[in-house]
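Residues per chain are reported as follows:
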Amino acid sequence: MEDTLTIAGRSFDSRLILGTGKYETFELMRAAVEASGAEMVTVAVRRIDFDEPREDVTSFLPEGILLLPNTSGCETAEEAVRMAKLARAGGLPDWIKLEVIPDPRYLLPDPLETLKAAEALVADGFTVLPYMLPDPVLAKRLEEAGCATVMPLAAPIGTGRGLKLRDSIRIMIEQAEVPVVVDAGLGAPSHAAEAMELGADAVLVNTAIARADDTVAMARAFRLAVEAGRAARLAGIMDEQETAVPSSPVGGTV
Amino acid sequence: MTTIVVNGREQAVEPGETVARLLDRLGLGGRFALVERNGEPVERDRYAEVELASGDRLVVARPVAGG
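Sequences listed follow chains A and B, in order. Quick note: to get our numbering, add 718 to the position in the first sequence (first position is 1). Quick note: to get our numbering, add 445 to the position in the second sequence (first position is 1).
Hint data in this document are derived by calculation from the structure and do not stem from the laboratory. It cannot be assumed that every hint is accurate.
What the hints assert, rightly or not - To give an idea of the interface, some chain B residues facing chain A are shown, with a C-beta separation under 10 Å as derived from the structure:
1. Ile-449
2. Val-450
3. Gly-472
4. Leu-473
5. Gly-474
6. Phe-477
7. Gly-484
8. Glu-488
9. Ala-510
10. Gly-512
Where is the CB? At the ideal position from N, CA and C, for every residue including glycine.
Let's have the full structure, built from the sequences with the hints guiding it.
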C-alpha cells in the first residue's frame, strides 16, 4: 500500500527527517543519512569564520535530498525572518524550519515570536515548518497562519527523554489539518515508534543517532522504528483492557 | 582600493569589485556562500553583478551541520 507523507505538495516516502548536527565527521553523517532513508535533512546557517575554514556540509549530503535550513540561534522573530531570507537568497530552499529560542537552558521556543515570524515568512512565500511546544491552540494558530506543518517537541532538544509531552501532542494530532512532525527529545527508536503509533506524520531525530556508538546502525534502527510505528498506526492498535482476556480456548483443558 | 567590512572585519576591495569576485578572493568560489549587504540579502544570481561600495557592511554565511 502506498503511504506517502505530503508536506506543502511535496511527497516523501520516508517519515524520518534527520538533523545533521553533532556527528564526529561529515562522512559518518552522510552514512547515517543514507542508512536512515531520510529524504529531508536540516542544516543551520552561520557566519563564515575566515580564520577557520571548514568543509561544506552540503557537499557530503546525498544527491536529491531536500535541505531544510533552520533558524537556530535566533531569539526573536526579526532575527529568524532575516536568517530565512539570507538562506533563500543564497540558494537554499524556501523551506524553513522556524526556531525562535530565547532560552539556552531548556531551548524552549518562544510561541509569540514564532507565530509572528511564521506570519511574516508565509506572507513572503516561504514554506514554514515551525518548532513549537506542543500547545494545541498555538498549533491551530500556526496552521491558520499558513504553516506547512507543526513540529512539537517531545522533550527538550538533545535530552533523549522521549514523549514527555505525549498528551498534548495527542490532542494536536487529533486536531491538526497539516502534518505533525515530532521534533526533539526522542532518544531511542521506541520513542520514535511511540510517536508514530500515536499518529504523528513524521519525526525529526538528530542527537539520538549522531551520538550513538554506531551511528549507522542507530540510523537504521530509527528507520525501522518509524516504519513499524507507522504500520501499527495504520493497522489499528488494540484498545487497552483493565483485566486479562485469554488468548487460548477457555474450555477443554485436559 | 576602498574598504568594506566583512563579518565585522575590514576588507580592502578594488573599485567596482563584485560580490562574486570578492567571494573568489576569499576562497569561497563555487562554495555555498550566503551574502547579506547592508542588512539586505543578496540574491545568488546577482553575485556577479552587485558591485561593492566603500563602507559596505557584508555578512557572509553558509549552511553548517545542525538540527
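Given B:Phe-477 as an interface hint, is the shortest Cβ-Cβ distance to chain A below 10 Å?
-> Since the shortest Cβ distance to chain A is 6 Å, the answer is holds.
Answer holds if the nearest beta-carbon of chain A is closer than 10 Å to that of B:Leu-473; otherwise answer violated.
-> holds, 7 Å
Against chain A, run the beta carbon of B:Gly-484 and see if the smallest gap drops under 10 Å.
-> At about 8 Å, which falls below the 10 Å cut-off, the nearest Cβ of chain A leaves the hint on B:Gly-484 intact, so it holds.
Classify the hint on B:Gly-474 as holds or violated, based on whether any CB of chain A lies nearer than 10 Å to its CB.
-> At 12 Å from the nearest chain A Cβ, B:Gly-474 fails the 10 Å test, so the hint is violated.
Going by Cβ atoms only, is B:Gly-512 closer than 10 Å to chain A?
-> holds, 3 Å
Does B:Glu-488 pass the interface hint, meaning its C-beta sits closer than 10 Å to a C-beta of chain A?
-> holds, 5 Å
Hint check, B:Ala-510 versus chain A [nearest Cβ-Cβ separation less than 10 Å] | Constraint on B:Ala-510 satisfied, holds at 4 Å.
Double-check B:Ile-449 for me: the hint is only fine if its C-beta lies closer than 10 Å to a C-beta in chain A.
-> Constraint on B:Ile-449 not satisfied, violated at 14 Å.
Hold the hint about B:Gly-472 up to the distance rule: shortest CB distance to chain A must be less than 10 Å.
-> holds, 7 Å
Restraint check, 10 Å cut-off on beta carbons, for B:Val-450 near chain A = Hint on B:Val-450: violated, closest Cβ of chain A at ~13 Å, above 10 Å.
Checked against the numbered hints given earlier, the structure breaks hints 1, 2, 5 and satisfies all the rest.
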